[in-house]
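In UniProt numbering, the protein residues as written are 1 to 357.
Everything labelled a hint here was simulated from the structure, so no lab data went into it. Fair warning: there could be bad hints in the mix.
[Said to hold, decoys possible] Straight-line distance between alpha carbons at most 30 Å, and here's what the computed DSS-like set of lysine-lysine pairs gives: (1) 140 / 199; (2) 71 / 109; (3) 249 / 232; (4) 112 / 76; (5) 199 / 232; (6) 264 / 241; (7) 71 / 112; (8) 236 / 273; (9) 232 / 264; (10) 140 / 167; (11) 264 / 199; (12) 135 / 167; (13) 76 / 109; (14) 224 / 238; (15) 121 / 135; (16) 329 / 109; (17) 296 / 273.
Note that the structure is predicted; figures quoted are calculated from it, not measured.
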Amino acid sequence: MEKKRKIDSECRTFKEQWGCQYFVIETNNKATCLICNVTIAVLKEYNIKRHYETMDSQNYSKFTESLRSEKFESMKRGLKSQQFLFKKVNSEQEAVTRASFRVAHSIAKHGKPFTDGELIKDCIIAAAEEMCPEKANLFKNTSLSANTVARRIDEVEENILAQLNDKNRFLQWFSLALDESTDVSDTAQVLIFIGGVDKNYEVYEELLDVHSIHGTTTGEDIFKGVENAVHKSNLKWKNLKSITTDGGKNMCGINKEVVALVSKAVENDGGSKPLIVHCIIHQQCAKCLVMSEVLKSIISVVNFIRSHALNHQNDLPYYTAVRWLTCGKVLNRFFELRAMIEIFLNEKNRPLAQLQN
1 MEKKRKIDSE CRTFKEQWGC QYFVIETNNK ATCLICNVTI AVLKEYNIKR
51 HYETMDSQNY SKFTESLRSE KFESMKRGLK SQQFLFKKVN SEQEAVTRAS
101 FRVAHSIAKH GKPFTDGELI KDCIIAAAEE MCPEKANLFK NTSLSANTVA
151 RRIDEVEENI LAQLNDKNRF LQWFSLALDE STDVSDTAQV LIFIGGVDKN
201 YEVYEELLDV HSIHGTTTGE DIFKGVENAV HKSNLKWKNL KSITTDGGKN
251 MCGINKEVVA LVSKAVENDG GSKPLIVHCI IHQQCAKCLV MSEVLKSIIS
301 VVNFIRSHAL NHQNDLPYYT AVRWLTCGKV LNRFFELRAM IEIFLNEKNR
351 PLAQLQN
């Protein structure tokens, strides 16, 4: 049985004389009619001629050769100008969308409210009207409402996570670094950093995830966040070669602390026990500063205030020996509120002699 011929296999080409004869031009291996802008899929003279005689010949068949050629060139220039205009409009719209994404990214990066997008837009329009009035409408078309900024940030986040997960799939080995701290709302935040290398020896370091812990912050609680981040990022425990922690008691240990649970997960997945590193810089810095006499009384007061929600006075931060940077924050905040704290302690019948001197 004879095989049917396929149009793609015929290798048909557009002939220049068809242009002036039938008012068509070639566009992406297809013929486009300049009269009605219809695309003729097959580059075959019979199809092109049939379209011309059926649809358009009655208005153009009486043209002389010179007039026909002039009309053809005029219509071709008109179509190209339209295509350029559409391309320009699409390019401008794309630029407006990119600008909206970049502004939203900057708002998120600097921790500003989403409603600042409208203020930024007003400032940009005011500057554009003075510096380049002809471009002011472009800035007016840029959407920076709070809802738009929120959507843009969500899309940026999804894109970044997709890129990160795609990189993680090709990692040969990786290491994790964990740092647990408390934010202003008393919520423990575990920062999980990753450093990895692929088969091409390309090394990269990124923030893998931020795990919020509400309630207790035991080693098991932190490990659940780490485990979720590892699985969500297409990582395999057996490829983990090192883990670094901040040296907290819930991190170190051989039973139910984070490093013990991580080591067990790696060995269960067929890997060798990872190298365990604890950062001691913060502890050494704290030990170099002799502040025990000052801190003893202050820590006692802070713990008393923070231990009961009704006692909170303008949010005094906790002090912990592991996080030595909190020491300065506690002392500074305590000094700022010293007058209020003295009044408060006297009302609670817990006067502090150091505040009265």
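Status of each hint after checking the structure:
Distance hint between residue 140 and residue 199 is unfulfilled; the C-alpha atoms sit about 48 Å from each other, more than 30 Å. For the given pair, residue 71 sits about 57 Å from residue 109 by alpha-carbon distance, which is inconsistent with the 30 Å threshold. Between residue 249 and residue 232 the CA atoms are separated by roughly 27 Å; this keeps the pair inside 30 Å, and the hint holds. Only pairs whose Cα atoms come within 30 Å are accepted, and residue 112 paired with residue 76 is rejected, the gap being roughly 51 Å.
At most 30 Å may separate the alpha-carbon atoms for a hinted pair to count; residue 199 and residue 232 meet this at roughly 22 Å. Between the alpha carbons of residue 264 and residue 241 the distance comes to roughly 13 Å, so the proposed pair stays at or under 30 Å and holds. The suggested pairing of residue 71 with residue 112 is violated, with an alpha-carbon distance near 59 Å, which exceeds 30 Å. With a C-alpha separation of about 14 Å, the suggested pairing of residue 236 with residue 273 holds against the 30 Å cut-off.
Note on residue 232 and residue 264: the hinted pairing holds, with a Cα-Cα distance of about 19 Å set against a maximum of 30 Å. Taken as a hint, the residue 140 and residue 167 pair is broken in the structure, with Cα atoms around 38 Å apart against an allowance of 30 Å. The straight-line distance between the Cα atoms of residue 264 and residue 199 is roughly 26 Å, inside the 30 Å bound, and the hint therefore holds. Proposed proximity of residue 135 and residue 167 is contradicted: the alpha carbons are some 39 Å apart, above 30 Å.
With a C-alpha separation of about 49 Å, the suggested pair residue 76 and residue 109 falls outside the 30 Å cut-off, and the hint is violated. Distance check on the hinted pair: residue 224 and residue 238 sit about 17 Å apart at the alpha-carbon level, within 30 Å; holds. For the suggested pair residue 121 and residue 135, the alpha carbons sit about 14 Å apart, so the restraint of at most 30 Å is met. Under the criterion of a C-alpha separation no larger than 30 Å, the hint pairing residue 329 with residue 109 is consistent with the structure, at around 24 Å.
With a C-alpha separation of about 40 Å, the suggested pair residue 296 and residue 273 falls outside the 30 Å cut-off, and the hint is violated.
Going down the numbered hints, you'll see the structure goes against 1, 2, 4, 7, 10, 12, 13 and 17, while the others check out.
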